[in-house]
Amino acid sequence: MTLFVVDGGHRDRHEAEHFALELAPAASLLCTHVVREPSPHHAVWLELDGPADYEPVRDREGGRAFRFPGQDALRGSLPVRELLALSAIDRVVGVGCTVANDTVVDTRDYVRPVYADGLLTLHVTPAAADSVVPLEVEGGHVC
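If you count the sequence shown from 1, position 45 lands on 45 in my numbering, and the numbers rise without skipping.
All the given hints hold, so there is nothing to weed out.
What follows is a list of derived Cβ distance ranges for each label pair:
#1 A129 x D7: 34 to 44 Å
#2 D102 x R36: 33 to 43 Å
#3 T125 x A88: 18 to 28 Å
#4 A129 x V6: 35 to 45 Å
#5 T125 x V34: 12 to 22 Å
#6 G70 x V6: 22 to 32 Å
#7 D102 x E37: 38 to 48 Å
#8 P38 x A100: 41 to 51 Å
#9 E82 x R11: 31 to 41 Å
FYI, nobody ran anything at the bench for these hints, they're computed from the structure. Here a beta-carbon is modelled for each residue, glycine too, at the ideal position from N, C-alpha and C.
Work the whole structure out from these sequences, hints included.
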């Protein structure tokens with residue numbers, strides 16, 4: 001498995017996602033990366049055969065996955081252990097909370113993990129009724 005970077009200079013993340021989906025509809029893993037220089041925009045990386053030269057991609061650091069294996073199974077509410085078993089997500093990390101294997105994640109049918117320390121990581125935050133929700137919400141924007 002090798003990863004490619006495609007930088008179309010997209011200022012809008014959703015446009016970058018649609019571009020990547022059209023470019024590589026069969027790719028099993030597609031991620032966006034925020035590129036800050038020379039001006040803020042989004043690049044994409046995708047899993048295909050070929051060389052990987054871009055260091056953050058090669059080292060799997062910072063990419064935001066918008067397509068990944070098991071994504072379609074992450075609907076509704078499910079415990080962390082099930083989320084990990086059903087998908088390519090390697091770990092769930094709480095922001096402002098502690099997360100255990102039996103912690104319930106309300107996916108809101110929108111899950112966008114990021115690569116951190118080489119692991120596909122879903123960041124979650126506290127929600128109602130002792131559950132957690134993904135930190136990224138649908139329709140969010142780059143800060």
